[in-house]
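Chains as they are written, first to last, in full-length UniProt numbering: chain A, 1 to 502; chain B, 1 to 89; chain C, 1 to 111; chain D, 1 to 116; chain E, 1 to 173; chain F, 1 to 935.
Hints were generated in silico from the structure; no laboratory data involved. Don't take every hint at face value.
[Stated by the list, open to error] Calculated lysine-lysine pairs in the BS3-like style (CA-CA distance at most 25 Å, straight line):
#, chain 1, residue 1, chain 2, residue 2
1, F, Lys850, E, Lys95
2, A, Lys26, F, Lys850
3, F, Lys850, A, Lys105
4, E, Lys137, C, Lys95
5, C, Lys28, B, Lys26
6, F, Lys783, C, Lys95
7, E, Lys95, C, Lys99
8, C, Lys110, E, Lys137
9, F, Lys850, C, Lys95
10, A, Lys153, F, Lys850
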Amino acid sequence: MQHIVVFPILFPLFSALLLLLPPCGKSVKARRFASVGLAAISLIINICLLSHVLDIGTLTYAIGNWQAPFGIVLHADLLAVTLTCLASFLSLCCIVYSCAGDDAKGSFFHPLVHFLLMGVCGAFLTGDLFNLFVFFEVLLIASYSLLMHAADKHNTRGALHYVILNLVGSAIFLIALGTMYGVLGSLNIQDVAARISQLTNDDVSLAKIGGSLLLIVFALKAALLPLHMWLPNTYSNAMPVVAALFAIMTKVGVYSIIRVYNSIFSPGSGPLGAMGQDVLWFAALATIVVGTIGVLASKDLRKLVANLIVVSAGTLIALVSLQQMQATAAAIYYLIHSTLVCAALFLCVDLIASQRGKVADRITTGRPVKQGLLIGVVFFAAALAVIGMPPLSGFVGKIWILKATYQQGDYALFWPIYLVASLLILVGVTRAGSIVFWQNTSKDIDKIDVKPIHKFKVWAVYILAGVSPFMVIFAKPITDFCLQAAMQIHQNPAVTQLTGGL
Amino acid sequence: MLGSVIIFVFAMLGLALLLNIWRLLKGPSVPDRILALDTMYINTIAVIVLYGLHNDTSLYFEAALLIAMLGFVSTVALCKYLLRGDLIE
Amino acid sequence: MMIYEWLVSILLLLGGTLILIGSIGLVKMPDFFMRLHGPTKATTLGMACLLIAAMIYFSVTTAGYSLKEILISIFLLITAPISGYILIKSAIHHKLAAKEGTQGIDRIEKD
Amino acid sequence: MELLYSVCVGVLVGCGVFLILRARSFPIVLGLTMLSYAVNLFLFASGRLTINKAAILSGSEQYADPLPQALVLTAIVIGFAMTAFSVILAIRARADLGNDYVNQLAQANNKTGVRK
Amino acid sequence: MNRYFPAPSTSILLLVIWLLLNNSLSFGQVLLGTILAISIPIFTRPFTEQNPSVKRPALAIKQLLVVLLDIITANIQVAILIVGPNKRLRPAFVKVPLDMTDALPITLLASTVSLTPGTVSAEVYPISEEHHTSDNKTPRYLLIHVLDLQDEAKLIEQIKTRYEAPIKEIFGC
Amino acid sequence: MALFWVPLITTIGSLISSRAAKLSRNETAAVTLIAPLIALAVCLYHAPAVFNGETVYDHIQWLDVLGIHLSFRLDGLSLLFTLLILGIGCLVIFYARYYLSAKDSLPKLYAYLLLFMTAMLGIVMSNNTIQLWFFWELTSISSFLLISYWSDKAEARKGALMALSITGAGGLALLAGLLILGNIVGSYQLDVILASGDMIKQSQWYELTLVLILLGAFTKSAQFPFHFWLPHAMAAPTPVSAYLHSATMVKAGIFLLARFYPALAGTEIWFLIVSLTGLTTLLIGAYVALFKHDLKGLLAYSTISHLGLITLLLGLDTELATVAAIFHIINHATFKASLFMATGIIDHETGTRDMRKLNGMWKFMPFTATLAMVSAASMAGVPLLNGFLSKEMFFAETLHAQLLGSMSWLIPVLATAAGAFSVAYSARFIHDVFFNGDPVDLPKQPHEAPRYMRVPIEILVAICILVGMFPNLIVDSILDVASSAVLTGATPVFEIALWHGFNLPLLMSALAVAGGVVIYSLRKHLFQFQATLPALEGRYMFEQGLDVVLSWCQKRISQFENGSLQRYTIVLIATVLFFAGAPLFDMQKLVGGNQPHPIDMFNAVGTGLLIAGAVATVIWHRHRMIALIMISIVGLMVSVAFTRFSAPDLALTQLSVEVVTVVLLMLALFFLPQKTPKESSSIRVLRDLMISTGCGVVVGSICYALVTRPLDSISQFFVENAKTGGGGTNVVNVILVDFRGFDTLGEITVLGIAALGIYKLLNNLPLFMPSTDSEGRKWAREKYPLLLATISQTLLPLALLVSAFIFIRGHNLPGGGFIAGLVTATAIILQYIAHGSNWINDRLLFNYRKIIASGVMIAFICGAGSFLFDKPFLTSWFDYFDIPLVGKTELASAMIFDLGVYVTVVGATMMILASLGKLTANDEAKSETKTIGAK
Ligand code: NA
Ligand code: NA
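Start from the sequences, fold in the hints, and give me the full structure.
Right, dumping it as C-alpha cells:
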C-alpha cells in the first residue's frame, strides 16, 4: 500500500505507453475505450491515495529507496493529493469529452493527455526541486503537443509564443536550480528549507537570487503579471478541450509557489523568510486588474474564459503571498473551484461555438444556439460560479477570500480591487452571455441545421459544472478539509523540529 | 621532458586552433568555413588526446572518438545542405 | 629518460608540427581548393602521429597494451578523403574561384 | 580560471538573450540553443570546477561533484527534446503562416470563427 | 554468407575492433564481441549494397602498406609545399579516366588519391542523379585537384598503375 | 414545520413549475400556486407566536470556518414581508396565467417567479447576514432572468443587464459591509448583530460599514442616483413588474434598512444620508413620473418616488416615522401591485401603454377603469383609502424633522410639493387613460379583460379600501409587531385614524391635492418646458459608460498584449534581470573564499574560441547558414570545457546532442528563409544589446560568485554509495540510472513526447520547398554523392559497434544508454544523408511510435519490478555472478533501465527524422512548384 504514493505519476505514464502500443495504437474505438478506462482507474487511484492520506497523514516515499535528501522523495500531503485528484478528474472529463470526435482530429491525443497528467501529478507530488523541473518539462512538452492538436494557423502562432517563452522559462529554472544548489548544496525541498535558514552574509543574497528566479519561473507558469501575456492568446487559440485541460496548468505554477514559498521561504526560515511577499502581492493584484480588463475586452468567449483564468491566477497568488493559513485554505478551495469551472466554461464555449456556425464563439449577433437550453443552463451555472454569485461554489470562495484578506489586514487594497473586478466580470460575462444566447439574427431555431451535441460532450460538461453545486452542498466537509490541508502546509518544518511536531 | 614537450605541442595546437578560427571568421565562402570547422574538429581531437596524455588518463578517449565520428557527420551534413538543401530528401 | 619518452616526444612534436602546418595551409593558401590539401593530408597524418604517441605512452605506463587509439586514426583515414571530396563538391557547386592560372578548370562539369 | 569560465557563461547568456529577442524563429532557436549551452555550463559550475578528478571511482580521494553533472545530463537531453520541438514548430509556423515572423501582425487579428 | 552470417569479413573486423576498444582479450569480451560481430551485420545487411568482394586479400594488405608509405611521403611533400612560397605552385584540375565502374573500388581509389601526394579527389564523372547502380557500365572519370602539377600525363599514369591497377586486381574486376 | 421549509418549498415549487411544460395553463398555474400556499401556511402557523412578540428561530450549524450558518428567523418584520411576498406572489401567479400569451412559456415564468420568491423569502427570514447576502444576490440573478424573460427584445436584455449590474454592484458593497459588520461584532448572526448596536456605532469602522450597507440598500430600492435601472426593468412582462416593483425586489432594499435599523440607525450620519437620499428620490421620482407617456414608465417613477418616501421616513429620527414607513410599505405594495396589474390589462387589451394613444378607456373597460381609479386615488393619497393614511402620517412626521437644523422647515414643504406631483401623475393616470377623448391608432380593438384576470386586482383594491376605512382592525397588530421588530421592542404608541382633526398634516394633504390638480391642469405647459430641458437619462450614461469602458479595455489590451513575442520575452527577461541583479548589489564581495585555479593557455584558447564562436553567431545571425557553423564552434567548445573540468559523460552527451541538433537546424533551415531581413531599428538593437549585456553580466557574476566559494553539498553520499549501493563506478551514471533514476525516466518521457509531438506537427503538412538556395543557385544534380554513399555503408556497423561499446561500459566508465542511443542515431542520420529517406524507409521497417513506447516501457517495467519485492519504485538490484569461463560478471537492473533509455533515444531521434523525411520524400513533384502552405 505504501507504493500508492507513486501511482498517480506512474499510472498515467503506463496508460500513455499502453495507448501507444498495440492493440490500442490501432483502432480509434479501442483507444477511446482504453483511455477512458485508464483515466478512470487513475482517478480511483488518486481517490484511494487521498483517503489514505486522510487516514494516516502526510506520506513520503523515497524513490529507489534512497532517502532524502539524497534521493528523490515524493511528498504526498493533503494539498498535493487533492490536486492530483483534481487533475485526474479533469483529465477524465476532458477525455470523455474528446471521445466525441475531437481526439481523432490529430495524432496521439489520448497518450498525450495521459502524459500531461503524469507531468502534472509529478509536479504536485515531488519533494525535489530538480525533479520538479523534470516534471514541469514533461507537462510542458505534452502541452506543447496538445496545443497543436488539430491546429490551424492561429494556434501555431500562439503555440510558438508559448513554447518559446516556456523554453526561456526552463532556462531560468535551471539557473535558479544551479544557484540554489551552488549555495545550499542540496535539492530536496525540505533540506533546502533547513539549510537556507543557516546561511550567512553574501550567501543569503545568492540564495535570494535563486529563490527569486524560482518564483519568477512559477509566476510565469501561473500567469502572474507581467508574465501572463502569453496566456490569453494561447489558451483561446487552443482547441477548447485542450484549453479546458490546461486549466490545471496555471495551477501547477500556483501550487509550486505554495509549496516552495511556504517551505523554503516560510516566515521562520531566517533572513529569507517571506521573501518578495510585497512583490507577489502587488503583482497578483495587478494581475486581477489586467485579467478583468481582458475579460471586458474579449471579443470572443474563449478569450474571455482565458482571461478569467488570469483573474483566478491573480486571486490565488494574492492569497498565497499572504503566507497565512486561512488565506491558503481559501486559496485551496478557490483553486479547486476555479479550475473546474473554467474548464467547464471552455468546454461550454466549444458547444456554443459548434452551434453558431460561422460566428462561432464571437461575442456578437449571430445564429441562435440551437440546443440553447441544454447549453444555456450549464453556461449560466458556470458563469454564476465563476463570478462568485450564489448559489454556486464561487460565493463560498469569494466570502472566504474576503474574510481571509480581512483578517490579514490586507483588505484596504485588495477588497476594492477584488470587488470591483468581481462586478466588472459580472457585467462582462453577463453581457457576453446575453449577446451570445439571446441576440440572434434569426428566430427560427427549428430551421437551423446543426448536428446535435454528442452525449459524451454533454456528460463531460455537466459533470464538470456539477462539481460547483457539489462544492456548496458539501461545503462544510470541504472547507474543513481545505483548512486541514492548509494546516499541513503551514507546519513550519523548523518549528516542527524544535517542538517535536505540532 | 615529456611534460614540457606536451606543453609545447599544446602551444602548437593552440596556434593551429587560432588559425582555424581565423579562417572560420574570415571565410570568405561558406565551404571555406566548413573546411575550417572540420579542421577545428580534428585539431580538437588532437588537443583532447594530448590532454589525456598530459593527465595520464584514457578517460577522454571516447570523447576524441566521438568528435571524430560526429565531426565527420557534421561536415557531411553542412556540405549536403549546400549542395541539395534538403539533407534527407 | 626512457626510450619510450623519446619516441613519444618525437611523435608528439612531429604530430603537432604537421597539424600546425595543416592549419597554416588553411590560412595561407590562395584559393579554397589549395587550402583543402593541408587539412586533408597534413592534419590527418599529424593526428596519426599523436595517436601513435598516445598508444605507445599508455601501453608503457599502464598494464597491457593500449591499442584503441589506432581506431581514431583508422577512422580519420577513412573519413578525411570523403570530407575533402564533399567539400570540393560543394565548392564546385558554389563556383568558388580557383587561383588564377589553375589548369583544367574547364574539366569541371556542371553539376 | 574561474573568472574565464564565468565570462564564458556571461557571454553565452548575453549572446543567447540577444538572439532570443529577434523577431524571426530561426535566430530565436539559435538563441535558445546558445542559452541552453550557457545554462548547462552554469548548472555544471554549481558543483564547482575541478580539474582531472572525473567522478569515476578509482581509489582516489577527491572527485568532481557528480550530482550537477547528472543534472546537466538530464538538462541536456531535455533541452535537446525542446530544441527539436521548437525547430519543427518553426517549420510548421512557416508552413502555416507563410513566413517565419514570430509576432502577430496587425492583419492577423481578423480572426474568422471557422474551425476545422 | 547466409542470412545469419551475412558478412564474415565485416564480422571479423568488428570483433577485432571490439577487442581493441576494450583493450582486452578476456573470454568474456571475446564472447561479447562475437555476439556483437555477428548480430550487427545481420541488422545492417539491408543497408549494405552488393559490392564486389575482395578476391586477393594478400595483395590488399600489400597495397595498404604501399598507400601508408605514400601517405607519409605525401604529407611531407605537401607540408613542404604549404610552408614554401605559394606563388610557385601550379594548381590544376585533372581528369583521370577509370577502368572500374563499381562503387567500392572507385571509392577506395578516390580515397587513396586524396591521401597521397598533392592530389584530392573532387568528383566522379558522370554524375548520376539517383542512387548509383553497379550495372551502369558507362566509362567513368575521376576529377582530381592537384596542388602542384608537374606533368599531367605522368600523374595520370602514376595513379592508374600505382593505385588503380592493384585495386582492380584485388576486387577482380 | 420548521422555517427553513419556507424557502425550500418555493425552491421545490420552482423546479416543479419548470418541468410543467406538458400541463395545461390552468394546471400549471394551480401546480405553481401550491408551493407559495404551503409556505404561506407555514408562516401563518408561526404567526400567533410572532404576534405574541416572540421571534421564531430555526438554526442549522453549517460552515464554522466561515461563520456561515443556515439560520432563519421570523419576527414581526419578517412576517409582514413574508405575507406580502407570498400574498402578492399568489395573486401575481394567478394574474400571469391570464396575462401571458400562448406563445410564451408559462412554466419558465413561473419557475423564475418562484425562484425569485425564494430569494425574497430568504432575505426577509435570514438570521445570518451572509445567508441574507446569499439570497440578496439570488434576487439579483432571478430578477435578471425575469426582466430578460422576452430575451429576444433588445430592451429586455439591456434592462436586465442594467438591473443586474447596478444591484450586483450594490450586492458586492453590501457583502463588504456585512463582512466588516460581522467582524466588528464577531458574528454573522443577525440577533447578535442587532443586539450590538452600540458597539457597532462606536466602532471606527461604523461609517464605512454604514455606507457600504446603504449602497446595497439604495441600489436595490432604486434610490437616487441609482434609480435609473428601475424604469428599464419594465421591459419585463407586467406581472413581473407588478411583483418586483410593488412588494418584493425594490422593497428588499427597504427591508434591509429596516432590518439593520437597530444596529445602524440612530446616528447623525444615518439620518443625514438616508433622509436626504429619500427626499431627493421622492422629489425626482414624483416629478419625472408626470412626464412619462408610458403607463409603466409612470408607475416606475412613481415607485421610485414612493420608495424615496419610505426611505425618508426611515431616515427621520422618530419612532413614529418608522411606523409610518412600515405602514406605507404595505400600502404601496397593495395599490402599486393593483395598478401594475391594471396597466397589464390595458396593455393586454389595447396593445399599447402609450398615454398619448390611450384615451377614453372608460367606455371599453369600466370595471378595470374603476379598479384602477381606486388604486390611483390611493396612490394620490385620497382619503378613505390606505394611501391617505400613511401619507398623512408621513406629512406629520416631516414636521418633526430636525435634521436640517434651522432649515428643517424645507422638509415638509418639499414633501408637500412631492405630494402635489404625486397627485398630478395619479390624476394623469386616471384622466389621460380613461377619459380625455377617444383613443388614437390603437393596435387592437379594446374591450374588458377576462373576468378572472381582474380578480387579483379586485382583492388588492378591496384591501386598499378596507385598510383605508378600518385601519385599526386590519393592520394594527401586524404593524405593531413589525415596528417593534424594527425598533427592538420599544413599541411606540401610535394611532391610525381617518380623522385627527384639523391640523397641519391635513392642510398639507389638502395643499397637495390642490397643487396636484393645478399642476395637472397646467401639464401642457409643463410638458413643453420639460421638452426644452436636456434629457439626462441614467440609462444612456450607463450604456455609454459601458461602451467607453469596453473600448478602453480593448484598446489597453491590444496595446498591452499586442501579440509581439519580443515584448513578452523582454518583459520576462527584464523581470529576471531585475530580481536576479538586485541582490548582487547587496553582496559585500562577489568573490568567495576559494583559491581560484590559475589561468593556463588551454583555458585561454578555449575561452577565446568559445567567445569568438558566440559573438560570431550573433554577428552573422541574419546569414543563417554561417550562424549555424559558428554555433557549432560553441557546442564543440562547451564539450571541450566539460572534458577539461572532469565531466567526460557530459562531454560525450554534449557532443552527440550537438551534432543531432545541428542536423535538425539545417533541416529546418531548408524550409525556412535562408536569411533574416534587417528589421529592428537601431534603437531596438541598442536596447536589446543593453538587456542582453545586462543578463550576461548578471549571470556571469552569479556564476563567478558561486564557483569561488566553498560548497557543502550532499554529493559525497553519491561517491560513497555508487559502488556499494548502485553497483557502478561511474558515479554520474549511477546517479542517472539509480539515485535519480526518476529524473531520467521523466527525461526519456520528455524525449518520447517530443518525438510524438513532432510527428503530430509534421503530419500532412504542406511545405514550401525552395528550388534554389538563398543566392539563387539551383541545387546540385547529384542527390546521393557516390563516395559518401559507399563509405557511409561501411561506417554503419562500425558506429553501431561503438555505440554498443559506449552503452555497455556506461555503468562503470563514461558512456551510457543516452550517448549510445545518440551515436546510433547519428549513424542512421548519416545513412539518411547519404541515401535519402526513401531508401532508408525501405530498409528500416520499424514503427517508431512502438519503439519509443517500448523504450520507456522497458525503463518503467525495470523500475516497477521492485514492487514485486515490496521495494519502492526504481529500487535497483545488482549482483556479481561467477559465470564459467567468463568470470565474475555483474548483472544490474540499472542496465535494463539504461537499455530503455537507449531504445527511447534511438526511437525518438528516428521518429523525428522520419517525420521530416516524409515531408519531402512522398511527393517529389512538390519541390518543383513553390507551394506555400495553404490548407
Ligand atoms: Na526528405
Ligand atoms: Na391619453
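Now the hints, each set against the structure:
1. For the suggested pair lysine 850/F and lysine 95/E, the alpha carbons sit about 50 Å apart, so the restraint of at most 25 Å is broken.
2. Proximity of lysine 26/A to lysine 850/F is assessed by CA-CA distance (about 11 Å); at most 25 Å being required, the pair is judged to hold.
3. Note on lysine 850/F and lysine 105/A: the hinted pairing holds, with a Cα-Cα distance of about 21 Å set against a maximum of 25 Å.
4. Pair hint lysine 137/E plus lysine 95/C does not hold up; C-alpha atoms about 29 Å apart against a cutoff of 25 Å.
5. Pair hint lysine 28/C plus lysine 26/B holds up; C-alpha atoms about 12 Å apart against a cutoff of 25 Å.
6. In summary, the hint linking lysine 783/F to lysine 95/C is supported, as the alpha carbons are separated by about 18 Å, within the 25 Å threshold.
7. A distance of roughly 18 Å separates the Cα atoms of lysine 95/E and lysine 99/C; the hinted pair therefore holds under the 25 Å criterion.
8. Our distance criterion of 25 Å between C-alpha atoms is met by lysine 110/C and lysine 137/E, whose separation comes to about 21 Å.
9. For the given pair, lysine 850/F sits about 46 Å from lysine 95/C by alpha-carbon distance, which is inconsistent with the 25 Å threshold.
10. Restraint check for lysine 153/A and lysine 850/F: the C-alpha separation of about 30 Å exceeds 25 Å, so the hint is violated.
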